[in-house]
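Which chain is which? The protein sequence lines are W, E, Z and P, in order. Numbered according to the working numbering, the first sequence spans residues 242 to 566. Numbered according to the working numbering, the second sequence spans residues 242 to 566. Numbered according to the working numbering, the third sequence spans residues 53 to 372. Numbered according to the working numbering, the fourth sequence spans residues 53 to 372.
Keep in mind that the hints were calculated from the coordinates and are not lab data. Among the hints, erroneous ones may be present.
Subject to a maximum C-alpha distance of 30 Å in a straight line, what follows is the list of computed BS3-like cross-link-like pairs (lysine-lysine) [stated by the list, open to error]:
1. W:K264 to W:K253
2. E:K562 to E:K491
3. E:K264 to W:K491
4. W:K562 to E:K491
5. E:K264 to E:K253
6. W:K491 to W:K562
7. Z:K210 to W:K264
8. P:K210 to E:K264
9. E:K562 to W:K562
Pair ranges (Cβ atoms, derived) [what the hints assert, rightly or not]:
10. P:E248 to W:A428: 52 to 62 Å
11. W:G282 to P:T301: 15 to 25 Å
12. E:S433 to P:S181: 38 to 48 Å
13. E:A558 to W:V436: 48 to 58 Å
14. E:T260 to P:R349: 40 to 50 Å
15. E:S433 to P:R349: 49 to 59 Å
Idealized CB from N, CA, C, for every residue including glycine.
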Amino acid sequence: MARMRYQQALAKALRDEMTRDEKVFIIGEDVRASLRGVSRGLVADFGRQRVIDTPISEQAFTGFAMGAALAGHRPVVEYQIPSLLFTAFEPIVNQAQKFRLMTGGQATVPVTYIVPGSGARLGLAAQHSDHPYALFAQAGVKTVVPATAADAYGLLIGAIREDDPVVFFAPAAVLGTREEVPDELDAIPLGSGRVHRAGDDVTIVAIGHLVRDALVVAADLAEEGISAEVWDPRSILPFDWEGLRASVEKTGRLVVFDDTNRTCGLAAEVLATAAEEFPLVVAPKRVTRADAPIPFAVELELALLPNREQLVTAVRAVLTKEALR
Amino acid sequence: MARMRYQQALAKALRDEMTRDEKVFIIGEDVRASLRGVSRGLVADFGRQRVIDTPISEQAFTGFAMGAALAGHRPVVEYQIPSLLFTAFEPIVNQAQKFRLMTGGQATVPVTYIVPGSGARLGLAAQHSDHPYALFAQAGVKTVVPATAADAYGLLIGAIREDDPVVFFAPAAVLGTREEVPDELDAIPLGSGRVHRAGDDVTIVAIGHLVRDALVVAADLAEEGISAEVWDPRSILPFDWEGLRASVEKTGRLVVFDDTNRTCGLAAEVLATAAEEFPLVVAPKRVTRADAPIPFAVELELALLPNREQLVTAVRAVLTKEALR
Amino acid sequence: MRRDLYRTMRTIRRFEEQIVELVNANEIAGVTHEYIGQEAVASGVCAALRRDDVITSTHRGHGHVIAKGAAVRGMMAELLGRTTGLNHARGGSMHIADVSLGIYGANGIVAAGAPIAAGAAWAGVQAGSDRVAVCFFGDGAVNQGVLHETMNMAGIWKLPLLFVCENNGYAVSFAQEEATAGSIVERAAAYGMPAERVDGMDAEVVLEATERAVARARAGEGPSFVECTTYRFVGHHTAERTMGLGYRTDEEIERWRLRDPLLVTGGRMSPDDVAAVDAEVEALLQEALAFARESPRPQAADAMEYVYATGPAPRQGVSA
Amino acid sequence: MRRDLYRTMRTIRRFEEQIVELVNANEIAGVTHEYIGQEAVASGVCAALRRDDVITSTHRGHGHVIAKGAAVRGMMAELLGRTTGLNHARGGSMHIADVSLGIYGANGIVAAGAPIAAGAAWAGVQAGSDRVAVCFFGDGAVNQGVLHETMNMAGIWKLPLLFVCENNGYAVSFAQEEATAGSIVERAAAYGMPAERVDGMDAEVVLEATERAVARARAGEGPSFVECTTYRFVGHHTAERTMGLGYRTDEEIERWRLRDPLLVTGGRMSPDDVAAVDAEVEALLQEALAFARESPRPQAADAMEYVYATGPAPRQGVSA
Ligand SMILES: Cc1ncc(C[n+]2csc(CCOP(=O)(O)OP(=O)(O)O)c2C)c(N)n1
Ligand SMILES: Cc1ncc(C[n+]2csc(CCOP(=O)(O)OP(=O)(O)O)c2C)c(N)n1
Ligand SMILES: [Mg+2]
Ligand SMILES: [Mg+2]
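Here chain W stands alone, though its shape is the one from the complex (with noise of 0.2 Å):
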């Protein structure tokens, strides 16, 4: 076992990956200089033809990743900051993932587009503070929200290799921090989720660095005897349904524990998904980003992100409740 921070798992993978396969680069703002961390050192052993600094030109480097991919490579481009996925949002939503059915899959287009730290970050604003990636989701791009460290590098691993567009979200909350990691790291393919702590009484849907939290929660409930299952999807699109449904139909009762605006979020997928398909013994909840966006001041920050309380309360509401068969 190695401890390595998830910043450094993502920095491995991708240096793992530009080794193995030739035809992977990195683009986007400052990659040389790498503000994240991400490609830092890279540009010393790749090369500038592998490690693109761009000009502020968010459509542009990121309709032309589709163009490189098209023609044979497979980019990984970085956004400084979230909500640069707005700006880029058509050539990712509209043309990097639509072109295989458009041109009736004559082509895949494998490009991995990454947010090394998404979310709020404490004082950062409502600009810098978005966490989008149900929006994602609901344009049909695979989108990837890993938890830990080792999952940053196995879902990197997996992202680069897809042959379709990926929206991989680093989580801020978690860039920093350091973890127990297995020596052999290994790729891990989009769709698998993951029973971060097994239980029997609630399953909690935890996503990217709620899982954390959402652990710390399951342990505190244990020395009540409550026997919380914390799992993860780790991919939003695909999503391992039929993970979720073993666990669902083990304990009967769900919490899900977001960090995406509340309304249309991933949240209401996986609350309307278990209404409508799972075994549920009582109403499910949710405990999400409140719909607005991040103001300045700290406490005001804080108060509209989901937080450990709000799922203590949550997870005994569905405990409490009546069975219904």
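Given chain W's structure and the hints, the job is docking chains E, Z and P with the ligands onto it.
Relative to the frame of chain W, chains E, Z and P with the ligands by itself:
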């Protein structure tokens, strides 16, 4: 009672409001010639300063409207095709929508963004067939999808008078529909749903052009003695949750009929909220667009859009299921 | 070469005329954007290209796609929504492509093809080849920001990329002079690339300008910009006829028709030659139409095909 | 005027130095982007403006906001996250605004302010006034498409809009010469507007250039573009110090520091004058800091305030 096409109702609303309020203007591509009829004839009466043809510069004219709004105007911004909203996503979601919060209420941004012809239109293929209203609701922008000519009239005026940004989706499938409308048309405030047909056995939530289909289905089912209520939120955000609750309290059963992609779509939100908060007696169901871009061939396009047969099947399913409480 | 240029133009013209009929007869779904009047541009540009060169096209893409060598029967079948179409009936007019010929697609979004072509141009350099990429776009597209971002990238990275602006005077109903501050070629020149304006009704002139630009690009000297002044003889799309947009006069159209690119180039050929090519093209088109009409339509059950290359199929709109 | 320019610059400088300390001491949350070194630009430009003129600013916005006349105590309180802040603690450094003074906000997105300023400029004309709008942006922003779209609009509509490019040589770590094909002023000139490059370390030079542009705009002659060459003496943001990005040398920084705009303008004043202004500024800042520190923090219960002007409050993240 007069007969009027949906798009004529939009045109009348815009004309009436421009007459009433000199701060209202329309800006977009070809609005003088008016490809979809919303601004037909207006330039003759209001001049080129209030009917502004723009270069093909969605980001800039969207931002421009915000600047004009901050300076006291009430712009209506027209987009020729729904996916142009992707190009303008940043200035709508990240700038106009967040401005009031970010400035602590110093100013309002009363801009209406209108897409006259959203959704699939038989044969327009992947880049022209999106119906992306859930994306804006997810991002916290007020969102309207009127189903009828009278609602189109009332809600367009309501949207223009809102002090917040509003995205207004006029579904392509109903633009040309002619209907009876009352002689006196009124503004309709956002956030009030509408019971198009009352019923006791099941609530069908239908949005936009699907309301028409839902009414056909409800009429058919009535012949079998099934009493379906057809309920239309009219605005997606704000959503009239109390109105829906009242309907579901009566029927206990819910089917949502929604033409956005399934994952994280509007139907997901309605099912989630209902599962969490409303007294459902059986599991709800949704009938949505598939999670895929629209292919060109009409056979394929139709296979991905929600249809009446699917709605009938879903309604029967929730009616035959045994009640839980 | 002149004969080849004429043949390409004639193929495009007749293809388009055929398409208009088929759209009007509801044999083709949706709307199509005709290239009639602008044939000299695609024909002239693509005559300077190799098979391995890449192009990105626009909503008005049939001409580019034909000129770059796509099979007319595959195009016809695509537009008729048949599985034998180039895109297996998934793309239609606005997304027609043949990636194997370097045709990275028509595009429903103005200027969206430009950065895609830039990426392809870069990839050519990485591969050690001297292939080039061309992005076609209209006069309206020069006011889209992404085009500027791409011109800048092409400039700083010296990409083997050719920007071809087809200035037909209008973006739908909006006149180019009203829409555009300054001059189009000056904009391009500001990025440090050679930019010239040429007669887009004369395929030979277009070809020459393209050859200069392509030679530069292949020699590693970077991007160029060619503005081709041209005109569309018909509406913005097949549906315009019924819309009465009235943004241009019949006189204006007639004036431009005198410079019909087929007349310009055909007028330099012997009448026999012209007749022979016309007959050849006619046969090709009739064969294509017959092929398309005999081809099968796709099955509704296959509607979710091709969405993803790997992983689970996307979800249907109803649960099982 | 010289004294006023110096006062403004000195206020910005000392405000920024104070802010850096407060960020480093965790008294201010997040990161801030310092304007230190560039003071002559905001000061010179805004000295040519009236209260009713509009500006849009950038991530590096404190200087513009101070120069346009915002209350320093309201700014300090904002950055310290107090309800007495200009934005009631909702905006912070990157969104600081005073709409009543025509300050339509700092902005977290590069170049996003440009079209907003264009809309404001247009509105001024509609109102029959001769007010102008100014958009500030960096050298990095000239590669954002929306800036070009806006320059074109300003050109065709002859908007009373002034584009002020602060060329400080870098976009974060990326050097301007490497990022930019051709020259910045030529790009602007291609839209048919006067474009000049001036010494952005000399507030008086900036003021003169701005006065010319503003006079044109007020006279209905349309937009202008001024590129101000300048330099930031500190990191891209307060967090850079710990990041070791190493994209420029200490020598380069020292070279530019010799042209410190406070020295340039201060050097033309008597030492007594300078000292008097410095003291004045110091008092203002101390008062502002005391005011901010004494002001209340917002209540968590009010976190949903100001999201919408009308209608129901947005939903919380948990249901009742
Ligand atoms: C970004 C974008 N904006 C608007 C449209 C709608 N639209 C389609 S074609 C067109 C006009 C394009 O004009 P131009 O670039 O001159 O090409 P032309 O049609 O003349 O060939 C417009 C506005 C679009 N498809 N994409
Ligand atoms: C559209 C956009 N892209 C990227 C960023 C991230 N970012 C913030 S500031 C900056 C550099 C801006 O450079 P410049 O315009 O020269 O302004 P300066 O920082 O030098 O004042 C970048 C890349 C952003 N905020 N917005
Ligand atoms: Mg044109
Ligand atoms: Mg800079």
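Now the hints, each set against the structure:
1. W:K264 to W:K253: holds, 17 Å
2. E:K562 to E:K491: Status holds; Cα separation ~17 Å.
3. E:K264 to W:K491: violated, 60 Å
4. W:K562 to E:K491: Satisfied, since the Cα-Cα distance of roughly 22 Å is no more than 30 Å.
5. E:K264 to E:K253: Answer holds: E:K264 to E:K253 is near 17 Å, not above 30 Å.
6. W:K491 to W:K562: holds, 17 Å
7. Z:K210 to W:K264: holds, 21 Å
8. P:K210 to E:K264: Measuring from Cα to Cα gives roughly 21 Å; hence the hint holds.
9. E:K562 to W:K562: holds, 22 Å
10. P:E248 to W:A428: 52 to 62 Å: holds, 55 Å
11. W:G282 to P:T301: 15 to 25 Å: The hinted range 15 to 25 Å holds for W:G282 and P:T301, with Cβ atoms some 20 Å apart.
12. E:S433 to P:S181: 38 to 48 Å: holds, 39 Å
13. E:A558 to W:V436: 48 to 58 Å: violated, 31 Å
14. E:T260 to P:R349: 40 to 50 Å: At 48 Å between Cβs, range holds.
15. E:S433 to P:R349: 49 to 59 Å: violated, 37 Å
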